[in-house]
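Protein chains: 4
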Amino acid sequence: MKIGFIGLGQMGSGMAARLQASGEPLTLFNRSPEKLQALIDQGAQAAQSLRDFADTDVIFTMLADDHAVASLVLGEEGLLAQMQPGAVHVSCSTISVALSAQLAEAHTRAGQEYLAAPVFGRPDAAAAGKLFLVLAGKPAIISRLQPLFDRMGQRSFVVAEAPEKANLVKLSGNFLIASVIESLGEAMALVEKGGVDRHAYLELLTSSLFNVPLYKNYGGLIADRKFTPPGFAAPLGQKDMRLVRAAAENLNVPLPLASLLHDRFIRLAAEGATSRDWSAIAKLAAQDAGLSS
Amino acid sequence: MKIGFIGLGQMGSGMAARLQASGEPLTLFNRSPEKLQALIDQGAQAAQSLRDFADTDVIFTMLADDHAVASLVLGEEGLLAQMQPGAVHVSCSTISVALSAQLAEAHTRAGQEYLAAPVFGRPDAAAAGKLFLVLAGKPAIISRLQPLFDRMGQRSFVVAEAPEKANLVKLSGNFLIASVIESLGEAMALVEKGGVDRHAYLELLTSSLFNVPLYKNYGGLIADRKFTPPGFAAPLGQKDMRLVRAAAENLNVPLPLASLLHDRFIRLAAEGATSRDWSAIAKLAAQDAGLSS
Amino acid sequence: MKIGFIGLGQMGSGMAARLQASGEPLTLFNRSPEKLQALIDQGAQAAQSLRDFADTDVIFTMLADDHAVASLVLGEEGLLAQMQPGAVHVSCSTISVALSAQLAEAHTRAGQEYLAAPVFGRPDAAAAGKLFLVLAGKPAIISRLQPLFDRMGQRSFVVAEAPEKANLVKLSGNFLIASVIESLGEAMALVEKGGVDRHAYLELLTSSLFNVPLYKNYGGLIADRKFTPPGFAAPLGQKDMRLVRAAAENLNVPLPLASLLHDRFIRLAAEGATSRDWSAIAKLAAQDAGLSS
Amino acid sequence: MKIGFIGLGQMGSGMAARLQASGEPLTLFNRSPEKLQALIDQGAQAAQSLRDFADTDVIFTMLADDHAVASLVLGEEGLLAQMQPGAVHVSCSTISVALSAQLAEAHTRAGQEYLAAPVFGRPDAAAAGKLFLVLAGKPAIISRLQPLFDRMGQRSFVVAEAPEKANLVKLSGNFLIASVIESLGEAMALVEKGGVDRHAYLELLTSSLFNVPLYKNYGGLIADRKFTPPGFAAPLGQKDMRLVRAAAENLNVPLPLASLLHDRFIRLAAEGATSRDWSAIAKLAAQDAGLSS
Numbered sequence: 001m002k003i004g005f006i007g008l009g010q011m012g013s014g015m016a017a018r019l020q021a022s023g024e025p026l027t028l029f030n031r032s033p034e035k036l037q038a039l040i041d042q043g044a045q046a047a048q049s050l051r052d053f054a055d056t057d058v059i060f061t062m063l064a065d066d067h068a069v070a071s072l073v074l075g076e077e078g079l080l081a082q083m084q085p086g087a088v089h090v091s092c093s094t095i096s097v098a099l100s101a102q103l104a105e106a107h108t109r110a111g112q113e114y115l116a117a118p119v120f121g122r123p124d125a126a127a128a129g130k131l132f133l134v135l136a137g138k139p140a141i142i143s144r145l146q147p148l149f150d151r152m153g154q155r156s157f158v159v160a161e162a163p164e165k166a167n168l169v170k171l172s173g174n175f176l177i178a179s180v181i182e183s184l185g186e187a188m189a190l191v192e193k194g195g196v197d198r199h200a201y202l203e204l205l206t207s208s209l210f211n212v213p214l215y216k217n218y219g220g221l222i223a224d225r226k227f228t229p230p231g232f233a234a235p236l237g238q239k240d241m242r243l244v245r246a247a248a249e250n251l252n253v254p255l256p257l258a259s260l261l262h263d264r265f266i267r268l269a270a271e272g273a274t275s276r277d278w279s280a281i282a283k284l285a286a287q288d289a290g291l292s293s
Numbered sequence: 001m002k003i004g005f006i007g008l009g010q011m012g013s014g015m016a017a018r019l020q021a022s023g024e025p026l027t028l029f030n031r032s033p034e035k036l037q038a039l040i041d042q043g044a045q046a047a048q049s050l051r052d053f054a055d056t057d058v059i060f061t062m063l064a065d066d067h068a069v070a071s072l073v074l075g076e077e078g079l080l081a082q083m084q085p086g087a088v089h090v091s092c093s094t095i096s097v098a099l100s101a102q103l104a105e106a107h108t109r110a111g112q113e114y115l116a117a118p119v120f121g122r123p124d125a126a127a128a129g130k131l132f133l134v135l136a137g138k139p140a141i142i143s144r145l146q147p148l149f150d151r152m153g154q155r156s157f158v159v160a161e162a163p164e165k166a167n168l169v170k171l172s173g174n175f176l177i178a179s180v181i182e183s184l185g186e187a188m189a190l191v192e193k194g195g196v197d198r199h200a201y202l203e204l205l206t207s208s209l210f211n212v213p214l215y216k217n218y219g220g221l222i223a224d225r226k227f228t229p230p231g232f233a234a235p236l237g238q239k240d241m242r243l244v245r246a247a248a249e250n251l252n253v254p255l256p257l258a259s260l261l262h263d264r265f266i267r268l269a270a271e272g273a274t275s276r277d278w279s280a281i282a283k284l285a286a287q288d289a290g291l292s293s
Numbered sequence: 001m002k003i004g005f006i007g008l009g010q011m012g013s014g015m016a017a018r019l020q021a022s023g024e025p026l027t028l029f030n031r032s033p034e035k036l037q038a039l040i041d042q043g044a045q046a047a048q049s050l051r052d053f054a055d056t057d058v059i060f061t062m063l064a065d066d067h068a069v070a071s072l073v074l075g076e077e078g079l080l081a082q083m084q085p086g087a088v089h090v091s092c093s094t095i096s097v098a099l100s101a102q103l104a105e106a107h108t109r110a111g112q113e114y115l116a117a118p119v120f121g122r123p124d125a126a127a128a129g130k131l132f133l134v135l136a137g138k139p140a141i142i143s144r145l146q147p148l149f150d151r152m153g154q155r156s157f158v159v160a161e162a163p164e165k166a167n168l169v170k171l172s173g174n175f176l177i178a179s180v181i182e183s184l185g186e187a188m189a190l191v192e193k194g195g196v197d198r199h200a201y202l203e204l205l206t207s208s209l210f211n212v213p214l215y216k217n218y219g220g221l222i223a224d225r226k227f228t229p230p231g232f233a234a235p236l237g238q239k240d241m242r243l244v245r246a247a248a249e250n251l252n253v254p255l256p257l258a259s260l261l262h263d264r265f266i267r268l269a270a271e272g273a274t275s276r277d278w279s280a281i282a283k284l285a286a287q288d289a290g291l292s293s
Numbered sequence: 001m002k003i004g005f006i007g008l009g010q011m012g013s014g015m016a017a018r019l020q021a022s023g024e025p026l027t028l029f030n031r032s033p034e035k036l037q038a039l040i041d042q043g044a045q046a047a048q049s050l051r052d053f054a055d056t057d058v059i060f061t062m063l064a065d066d067h068a069v070a071s072l073v074l075g076e077e078g079l080l081a082q083m084q085p086g087a088v089h090v091s092c093s094t095i096s097v098a099l100s101a102q103l104a105e106a107h108t109r110a111g112q113e114y115l116a117a118p119v120f121g122r123p124d125a126a127a128a129g130k131l132f133l134v135l136a137g138k139p140a141i142i143s144r145l146q147p148l149f150d151r152m153g154q155r156s157f158v159v160a161e162a163p164e165k166a167n168l169v170k171l172s173g174n175f176l177i178a179s180v181i182e183s184l185g186e187a188m189a190l191v192e193k194g195g196v197d198r199h200a201y202l203e204l205l206t207s208s209l210f211n212v213p214l215y216k217n218y219g220g221l222i223a224d225r226k227f228t229p230p231g232f233a234a235p236l237g238q239k240d241m242r243l244v245r246a247a248a249e250n251l252n253v254p255l256p257l258a259s260l261l262h263d264r265f266i267r268l269a270a271e272g273a274t275s276r277d278w279s280a281i282a283k284l285a286a287q288d289a290g291l292s293s
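Chains as they are written, first to last, in the numbering used here: chain A, 1 to 293; chain B, 1 to 293; chain C, 1 to 293; chain D, 1 to 293.
Check each hint, because a few of them may be wrong.
Stretches of chain A that chain C covers, calculated by requiring three or more beta carbons in the stretch to come under 8 Å of a beta carbon on chain C [to be verified]:
1. 99-112
2. 264-272
A short, non-exhaustive set of chain B residues, derived as facing chain C with CB atoms under 8 Å [what the hints assert, rightly or not]:
3. Q48
4. R51
5. D52
6. D124
7. P213
8. L214
9. K216
10. N252
11. P256
12. H262
13. I266
14. A270
15. A273
Bear in mind the hints are in silico, worked out from the structure with no lab data behind them.
Predicted model, so just to flag it, every value in this text is computed and none were measured.
Quick reminder that beta carbons are idealized off the backbone N, C-alpha and C, glycines included.
Starting from the given sequences, assemble the full structure and let the hints guide the process.
Below is the structure:
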C-alpha cells in the first residue's frame with residue numbers, strides 16, 4: 001500500500017513518522033520542503049508536486065484550515081485531479097463541517113474515497129502515536145486502514161458514515177476544551193483575588209475532582225501564566241470557535257457558551273499577539289479582575 | 001473528645017456515621033429527629049436542644065444554606081450562645097463567603113474556635129469516607145482535628161487561615177462543575193442535532209480527554225436525560241451560583257460564565273420543578289435546539 | 001400640609017427646591033448639613049434630628065441606596081419611630097424591591113402610610129421640575145399628594161397599589177438605559193475600528209431612528225469619551241444592575257442582557273475609578289477592540 | 001438619465017415607485033415578474049433579462065442577501081457583464097461588508113461605478129419616500145445621484161468613500177435595533193412577572209425617556225405579542241446578526257451583546273417558524289420566565 005502524507009507541521013510530522021515506521025512506502029509533500037528532511041533521511045520520498053500522488057493508495061492530509069485544504073484539494077491541478085480512482089483521501093485537519101461534506105461529495109463524484117479522521121492530542125502525542133482519532137466514512141474503508149490508524153493513535157472512534165460528522169465531533173471537542181480553559185481562568189481569577197494561591201488551588205482541583213491531564217496541563221499553563229510558545233496557537237482556537245458556531249447555526253443550535261468563548265478569542269486577537277497558546281484566553285478574566293499579569 | 005453533629009441530611013448522615021466509627025462519643029441534632037435513629041441505634045446520643053452541646057468539644061454543622069446556618073448559630077439561644085469557650089465549630093455547609101467571615105468573627109469574640117470545612121463529593125462519597133475536604137482556619141486547630149477529617153475524607157486541603165477562603169474555594173469548585181455540565185449540555189445538543197448518538201459521543205469523550213468520573217457521571221445523566229432523583233438538587237446549584245457571583249462582585253471579579261450558569265438555573269426554576277438534579281440545566285441547550293426531551 | 005425632605009444630594013436638592021416653591025412649610029435633613037443652606041436662606045427649616053419630623057405630614061426621602069434608607073427608616077430612633085400615625089413616607093430613592101416591600105409592611109404596622117415614588121431624570125431635570133415619577137401606593141394617598149408630584153415632575157405614572165412595583169419598574173428602566181449605553185458602546189467600537197468617525201455616526205443615528213435625548217446624551221458622552229464628572233456614578237449603576245437581577249431572581253426571570261451589563265460594571269469597578277459616569281461601561285467594548293481611549 | 005431597478009420586494013417596490021415619480025425612464029427586473037405590473041401600468045419597462053440594462057445609466061439593486069446579490073451581479077452573464085462603462089450600480093441591499101468590498105473592486109476593474117446605499121425604514125417608509133439612506137462611494141457620483149436619493153429618503157448620510165463602510169454602518173444599525181428589541185423583551189418579562197401590566201408599562205416608557213417611534217412600534221409588537229405578519233422577517237434579522245459578527249471578527253472587535261442576539265435568532269429558527277417578525281426574539285425572555293404566551 002503506497003501512502004502519501006501532505007502537511008508536515010508540528011502535528012503532521014509526528015503522524016507521518018508513525019506511519020513511516022510501518023514500513024510501507026511513504027511519499028511526502030509540504031509547502032516548505034525543508035521540514036521533510038528528517039523523514040527523507042529515513043527513506044521517505046519527497047513529492048515534487050501533487051502529480052507524484054497519482055499512484056498513491058491512501059493520502060493523509062493535515063493542514064491548518066479550510067483555506068489550505070480547499071486550495072490543495074479542489075484548486076487547479078489539485079489533489080482531486082491527481083488521485084486515481086479508488087484511492088482514499090484521509091483528511092485529518094480540523095476543518096469546517098461544510099467543507100468536509102463538500103470534499104466527500106467531490107471525491108465520490110471522482111470515483112475516489114474520502115474519510116474524515118480529525119485527531120485529539122498535542123504534538124507530543126502525535127509523535128508518540130498516542131492521538132485519539134475520530135473517524136467517519138464507509139466502514140469497509142475504515143477497516144482496511146485501521147492498522148494505519150492504530151499506528152497514529154492510542155484509540156480511534158468511528159462516529160458515523162457521513163464523513164463531516166467526524167468534523168462536527170472534533171469541533172465540539174475543541175469547544176469542550178476551550179470551556180475548560182475559560183472556566184479555569186475565571187475560577188483562578190476569583191480565588192486569587194480572594195487571597196488563595198493559584199498553584200495550591202490547582203493542586204487541590206487536580207488531586208480531587210479534576211484529576212485528569214487536560215485540567216493539569218491547561219491549569220498549569222494558566223497558573224504559570226505561561227502562554228508561549230504555543231502548543232496550539234490562539235488563532236487556531238479562534239478559527240475552531242468560529243467553525244463550531246457556524247456548524248451550530250447551520251443546525252439551528254444556539255450555543256451561548258461557545259459564543260462567549262468566540263468573543264474571548266476575538267478579544268485576544270485584538271491585542272495583537274498571535275503567537276500565544278489558546279489557553280491565553282484565561283488571562284482575560286484575570287485582567288478584568290484587575291490582577292496584574 | 002466529645003463530638004457533636006448538626007444536620008443529618010443526605011450528606012450529613014454519611015459524614016456523622018464515619019465520625020461515629022471513631023469510637024468517640026457523638027451527639028446529634030436534626031430538625032427532623034427521625035433521621036437520627038440509625039445512628040442512635042449504634043450508640044450516638046440525640047440532643048433535645050442546642051443546650052445539649054454545652055460541653056461538646058467540637059461541633060460539625062452540615063446544613064442547606066446561609067439561612068439555616070445563620071439561624072442555628074446566631075439566632076436566639078443559638079449554637080454560639082451554647083458552646084463553651086475553646087470549643088470548635090467546624091462548618092461543612094456550602095455557605096456564602098460573607099456569612100463564613102461573620103461566623104469567624106462571632107466565634108472569636110465569644111472565645112470559641114471556628115473552622116470552615118466545606119466538602120466535595122456526593123452522598124455515596126460521604127458514606128464511604130471518600131469526600132474531599134477544603135479546610136481553612138488556625139493551623140493548630142486543624143492539626144488537632146485532622147484524624148476526624150481523615151475519617152470523613154480521602155484527602156483534605158488546607159487553603160488559608162481565614163476560614164471564609166475555604167468557602168470561596170468550595171463555591172468556585174461548584175462553579176467549575178456547573179461549567180462542565182453546561183459545556184456537555186451544549187456539545188451534546190450540537191452533535192445530536194448533527195446526527196451523532198449522544199451515548200457513543202460520551203463514550204468517545206470519556207475514553208479519551210475527559211477520562212474522569214466527573215465527566216462520566218454528569219455526562220451519563222445528561223445523555224440519559226435522567227435528572228431525578230436529584231443527587232444535588234437544582235435549587236442548591238442555583239444558590240451556589242448566586243453565592244459565587246456575590247463573592248465575585250465583592251472582590252470586583254467579573255465572571256461571565258458564572259453569570260450564564262446562574263441564568264440557566266433561574267430559567268430552570270421558572271419551569272417549576274425543584275426536585276431535579278442540577279445537571280438538568282443541560283437540557284436547556286437541547287430544548288433551545290428544538291430537540292425533544 | 002407640613003412637608004419634610006431627607007437627602008439633599010444632587011437629585012434631592014433640586015426636588016426639594018421645587019417643593020419649597022409650593023409655599024408649604026418645609027423641613028430638611030441631610031447627613032452633611034452644609035448642603036441645606038441655600039434652601040434655608042429661602043425659608044426652609046433645618047431639622048436637628050429625625051425627631052423634628054414628629055409632626056410632619058409627608059416626608060420625602062431621596063438617598064443613595066438600600067443601606068442608607070434602611071438605617072434611616074428602620075434603625076434605632078429612625079424615621080419609622082418618629083412619624084406620627086397617618087403621616088406619609090414617600091420614598092423616591094432607587095432601592096431594592098425587597099426593601100420597599102419591607103418598608104411598606106413596617107409603615108403599615110405602625111399606622112403610617114408609605115408610597116414608592118422613584119424618578120427618572122438627571123439632576124438638571126430635578127431642578128427644573130421635569131422628572132418622570134413612577135408611583136405606587138394607595139390611590140387616595142397618591143391623589144392627595146398629586147400637586148406635590150406635579151411640582152417635581154413633568155409627568156407621573158401610577159403603576160400599582162403595591163409600592164414595591166414602582167421600584168421594580170424603576171430598576172427595569174435603568175436596565176433599559178444601561179442596555180442603550182452598552183449597545184452604543186459596541187456599535188461605536190465596531191464602526192470606529194472600521195474607519196467611520198464616531199461623531200458622524202452618532203449624528204446619523206440620532207437624526208434618524210434614534211432621535212431622542214437619551215441616545216443623544218449618552219451617545220455624546222461615549223463619542224466624546226467623556227465620563228467625568230459623573231451625572232450618575234458608575235457604582236450606582238452597578239448597584240441597580242445588582243438590584244434588578246436580585247428582583248429578577250426572586251421572580252424567576254432570567255435576564256441574560258442584565259447579567260452582561262452587571263459584569264461590565266463589576267469590571268469597571270475592578271479598574272478602581274469610582275467617580276466616572278455609568279456610561280463609562282461603553283469604553284470597555286472599545287478597549288477590547290484594541291482602540292486607544 | 002436611464003434608471004434600472006432590480007428586486008421588487010416589499011421594500012424595492014416602494015423605492016422604485018418613488019423613483020418612477022421622477023419622470024425618468026425606468027426599467028425593472030424581478031425574479032417573479034408578476035410583482036412588476038403596477039409599475040408597468042404607470043409606464044415602467046419590464047426587462048426580459050439583464051441584457052436589457054446594457055444602456056442604463058444607474059441601476060439600483062434591492063435584494064434579500066449576499067447570495068442573491070452575488071449571483072445577480074457576479075454570476076455568469078450577470079449584471080457586471082452587462083453594464084456599460086461608466087454606469088453606476090447602487091446597491092441598497094443589506095449585505096456583508098466583505099461582499100460590498102468585492103463588488104466595489106469588480107465594478108472598478110470593469111470601468112464601472114459602484115455605490116453602497118443601504119437604507120433604514122420599513123416598507124411603509126419606502127413607499128412614502130421617508131427612508132434614511134446610508135451612502136458611501138465617490139463624492140462626485142453621490143452628488144450626481146442626490147436627486148434620486150432625495151426621492152427615496154427623507155435624509156441621506158454620506159459616511160465614507162469606501163462603499164463597504166456604508167454596509168458596516170447599516171449592519172451596526174440593525175444590531176442597535178435588535179438590542180432595543182431584546183432589552184424591551186427582558187424588561188417586559190420582568191415587570192409582567194412582577195405584576196405590572198405590560199401595555200401600561202410601555203406607555204410609561206414611551207411617554208418619558210423612550211419617546212420615539214422605534215420603541216413605540218417594537219414595544220407595541222412585543223406588548224401585543226403580535227409577531228405576524230412580519231415587517232422584517234426573523235431569518236433576515238438572523239442573517240444581519242451573522243453579518244455584523246462576521247464584520248466584527250474581521251476587524252477584531254468582540255461584541256458580546258451581538259453574540260447574545262445572534263443566539264436568540266438561532267433559537268427562534270430552531271422553533272421552526274420563519275414567517276415571524278424579528279421582534280419575536282422578545283418572546284424568548286417571556287418564555288424563559290415561565291410566562292404563557
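Hint by hint, here is what the structure shows:
1. 99-112: Contact hint for the segment 99-112 of chain A vs chain C: violated, 0 residues under 8 Å.
2. 264-272: holds (count 4)
3. Q48: Given a least distance of 35 Å, the restraint on Q48 of chain B is violated.
4. R51: violated (31 Å)
5. D52: violated (35 Å)
6. D124: violated (31 Å)
7. P213: P213 of chain B check fails; min Cβ-Cβ to chain C is 30 Å, beyond 8 Å.
8. L214: violated (26 Å)
9. K216: violated (29 Å)
10. N252: holds (4 Å)
11. P256: With a minimum Cβ separation of about 5 Å from chain C (threshold 8 Å), the hint on P256 of chain B holds.
12. H262: Holds, about 7 Å.
13. I266: holds (4 Å)
14. A270: holds (4 Å)
15. A273: This interface hint is violated because 12 Å lies over the 8 Å limit.
Of the numbered hints stated above, those contradicted by the structure are hints 1, 3, 4, 5, 6, 7, 8, 9, 15, listed in ascending order.
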